[in-house]
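Residue numbers (the working numbering), protein chains in the order written: chain R, 1 to 151; chain W, 152 to 589; chain L, 590 to 663.
Some clues are possibly wrong.
[What the hints assert, rightly or not] Facing chain L, according to a computed beta carbon distance under 7 angstroms, are these residues of chain W, among others:
| # | residue |
| --- | --- |
| 1 | L199 |
| 2 | T309 |
| 3 | M462 |
| 4 | D465 |
| 5 | N467 |
[To be verified] Calculated lysine-lysine pairs in the DSS-like style (CA-CA distance at most 27 angstroms, straight line):
| # | chain 1 | residue 1 | chain 2 | residue 2 |
| --- | --- | --- | --- | --- |
| 6 | W | K533 | R | K59 |
| 7 | R | K97 | R | K74 |
| 8 | R | K74 | W | K367 |
| 9 | R | K74 | R | K141 |
| 10 | W | K190 | W | K225 |
| 11 | R | K102 | R | K74 |
No lab work stands behind these hints, which were simulated from the structure alone.
Source: prediction; values computed, not measured.
For each residue, glycine too, the CB sits at the ideal point set by N, CA and C.
Next come the chains, spelled out residue by residue.
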Amino acid sequence: MKLSLSIAIALLCATAVARAAPPPELAPVEGRVIWVDFWASWCVPCRRSFPWLNSMHRKYGPDGLQIIAVNLDKDRALADGFLAEVPAEFALRFDPKGALAKQYGVQAMPSSFLIDAAGNVLATHAGFRTADAADYEQTIKDALSKSRPQR
Amino acid sequence: MQLKRRNAALREIGTPLAAATCALLGQSAPGVVEAQELKPWDIDSSMLIYSESDGRVQDLSLNVWGRKELLEDKFLGLTLGVDSLTGASPSGATPANVVQTFTSPSGNSQYAVAPGAPALDTSFHDTRVDVSASWEMPVARLGLLSVGANLSDEFDYTSAGVNARYARDFNNRNTTLSFGLALANDTVSPVGGSPIPFAPMLGVGDARNKDGDQSKNVTDLLIGLSQVLNRHTIFQINYSLSQADGYLTDPYKFLSVVDPVTGNPAAGPPGSGRYAYLFEKRPDTRDKQSIYALLKRDFDGDVLELSYRYMTDDWNIDSQTIEARYRFNFGANRYLQPHVRFYQQTAASFYNTVLFAGAPLPTYATADQRLGEFDGITLGLKYGQETASGNEWSARIEYYTQSGNASPGSAVGALANLDLYPDLNALIAQFSYKFGRR
Amino acid sequence: MKLVMKGVVGLLVPIAIALAGCARVEPWDRDVLARPDMQIVADPIESAADQHIYFSKEASSGGQGFGGGGCGCN
Chain R
1 MKLSLSIAIA LLCATAVARA APPPELAPVE GRVIWVDFWA SWCVPCRRSF
51 PWLNSMHRKY GPDGLQIIAV NLDKDRALAD GFLAEVPAEF ALRFDPKGAL
101 AKQYGVQAMP SSFLIDAAGN VLATHAGFRT ADAADYEQTI KDALSKSRPQ
151 R
Chain W
152 MQLKRRNAAL REIGTPLAAA TCALLGQSAP GVVEAQELKP WDIDSSMLIY
202 SESDGRVQDL SLNVWGRKEL LEDKFLGLTL GVDSLTGASP SGATPANVVQ
252 TFTSPSGNSQ YAVAPGAPAL DTSFHDTRVD VSASWEMPVA RLGLLSVGAN
302 LSDEFDYTSA GVNARYARDF NNRNTTLSFG LALANDTVSP VGGSPIPFAP
352 MLGVGDARNK DGDQSKNVTD LLIGLSQVLN RHTIFQINYS LSQADGYLTD
402 PYKFLSVVDP VTGNPAAGPP GSGRYAYLFE KRPDTRDKQS IYALLKRDFD
452 GDVLELSYRY MTDDWNIDSQ TIEARYRFNF GANRYLQPHV RFYQQTAASF
502 YNTVLFAGAP LPTYATADQR LGEFDGITLG LKYGQETASG NEWSARIEYY
552 TQSGNASPGS AVGALANLDL YPDLNALIAQ FSYKFGRR
Chain L
590 MKLVMKGVVG LLVPIAIALA GCARVEPWDR DVLARPDMQI VADPIESAAD
640 QHIYFSKEAS SGGQGFGGGG CGCN
C-alpha cells in the first residue's frame, strides 16, 4: 500500500503541472505534507471545498503543506469552466481516465488524502462538509507538526 | 367537478426571501459556512392551461416552487399554487331524446340539457389554492430525510396532509432504498350539502335529499429502490400502497334511471318535476397498490426515459400506464423533448352507465367516467432553453384524449343511438421559468 | 399487511441483490448521472402538474418515487 502510494505520488509529481490562475511559484522541493484532493466540475461539494483549500494553501503552504487537486472530468473544457468560476491557487493535475483515482481507492466525490513525504496516508476524507472544515484543518496541523524535523 | 388533492413534494425558489425565512424559522445566519457558499434560492415558476373540448373543464394554474439551502446540506422547500377552474363537467346522467332538467348542486336553481346533448353541469367555477413546505436534511453520511406538510383549499374542499421520506444509499451510492409515508385528511363541504347516497334528485329548494359535510383520510406508503446500472443508466422500481377511508363519493354526480326497454328516462319523485336521477354511492374504503418502474438512459448527451406503472385496487380497477420521453439536447443549452403516454384502465365493479327502473339497486353505483373502462393517449412536445444569465425557460404542449366504453347492456332502446361515453379531448400547455440554475 | 410485506420481500429484495451485482459505477464516473436532465425527476414542476391532471381525470395516481441516482457526492 505504502509502495504503491509512493509510486502514485511520484506519478503525480511527474505529470505535467497545469494551473488556471497565476499562482505563487511552487517551491521546487517537495512539501513535507501533501494533501491530494480528487474533484470534478459536476461535484457541488467540490465547489464548496475550493475556497477552503485556497485558504489552507495560503495559511500552511509556507509551513510545507502542498495541495494537489486532481481533476477527474472526462472533458477538460468542463474543468476549465469550473476553474474560471472558482479559481485554484494550488497545483492541479488532470486524470480524465481515473487511473489515479482508482489507485488511491477514491470512494466518494470529493475525496482527499493527507500524505507525508514517506508516502504514508495520514488521513482520508470522503466528501467535503464545511461544518467539518475545522477537523480537516486540525489533521493538517497535526501532520505538519509531526513532520517538523526534531531540533 | 372532481375534487382534487395535490401530492406534496420538495420544491424550490429564490430572492431576499432567504433572510426573512431564516428569521421565521429562528435560524441565525450560518456561522461556520459563509452565506455565499450555500446554494442560492432555486425558483421554478409555471403557468399551465388545461382545456377540454366541447365546453368542458378549463383550468388555469399558476405555481411557484422554491428551494433554499438554509444550513449546509439542509434545504427548505416552499410551494404555492393557484388554480382557476371553469367549464362544464359530466354529471353522470346519460343523454336522452327529451329535454332533461336538473337541479343545480346548490339546490337553488336548475339547468336544462337539450335532447341528445351530453348531460354537463355548467355551474362550476372554483378557485383553489395550495401551499406546501418541506425540510430536507442528511442523516449520517448515507441517509436523507425529508418531512413536509401541505394544505389545499377550494370553495367546497379542504385537504391537509403531512409526509415524511427517507432514502439510504448503499454500494458506494449506486443503490438507494427509499421509504415514504403520507397522511392526509380531507374535508368535503359540497355546495348545497352532500347528497344522501342513492337519494333521488328533487326540485329546486327541496333539500330533503341532502346531508352535511363529510371527510376522508388517506394513507400512502411508498417503498422504492434505485439502482445505477452503468455510467449512463439509472433504474428505479417502487411499490406503493394507498388506503382511503371515509367519504369517497363525488357529491355532484348522479346516475340516470331509465326504462329497461325503451331507454327513456324514468319518472322521478312525484311533484319534483324531474326524471329519476339517483345520487351515486361508492364504498367508504379503497385500497390501491401499484408497481412503478423507471429507466433513464443517456445516449451521447440525449436522454431516454421509459416508465411503466401497474395499479390495482379493491374497487376492481386495474390500470397500466406506459410513458416515454426522449430529450434531444442541442449544444449545452437547448432541448426538444417529445413525449408519449398510453393509459388503460378497467371499470370499477360498481361502475354503471345507467340504472334500470324496476331492477334492484346495486350495493354501490357510479356513472363517473373516471371510474369506467377507457384508454387514454397523450402526445406532447417540449422545448427548453437556457438564457444568457443561466436561467432556463421551457414550453410544452400536449394533447390528451380518452375514449372508453359504457357498461355492457346499457345501450337499450333510445340509448343505442346516443353517445353514452363521450370522448375526452384536452389540450395542455405549460410555460415554465426556472431561476437560479447556476 | 402480511401480503404487502411478502410482496416487498419477495419482489424488491431479490431485485436489489441482483441489481447490486449489476454494476458498480465508480464515484468519479458519475458525471453523466450528475446532469440535471438525468435525475429521477428532471422537472419537478412539470411532473407535479401531470400527476395532478391525471389524478383528476383517471382512477390511478402516484407510483413515482424519489431519491437515488445523481452525482452521488459526499
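Outcome of the hint check:
1. L199: Holds, because the Cβ-Cβ distance from W/L199 to chain L comes to roughly 5 angstroms (cut-off 7 angstroms).
2. T309: violated (17 angstroms)
3. M462: holds (4 angstroms)
4. D465: violated (12 angstroms)
5. N467: Interface hint status for W/N467: violated (10 angstroms vs cutoff 7 angstroms).
6. W/K533 - R/K59: violated (51 angstroms)
7. R/K97 - R/K74: holds (7 angstroms)
8. R/K74 - W/K367: violated (54 angstroms)
9. R/K74 - R/K141: violated (33 angstroms)
10. W/K190 - W/K225: holds (10 angstroms)
11. R/K102 - R/K74: holds (15 angstroms)
Violated hints for the displayed structure, listed by number in ascending order: 2, 4, 5, 6, 8, 9.
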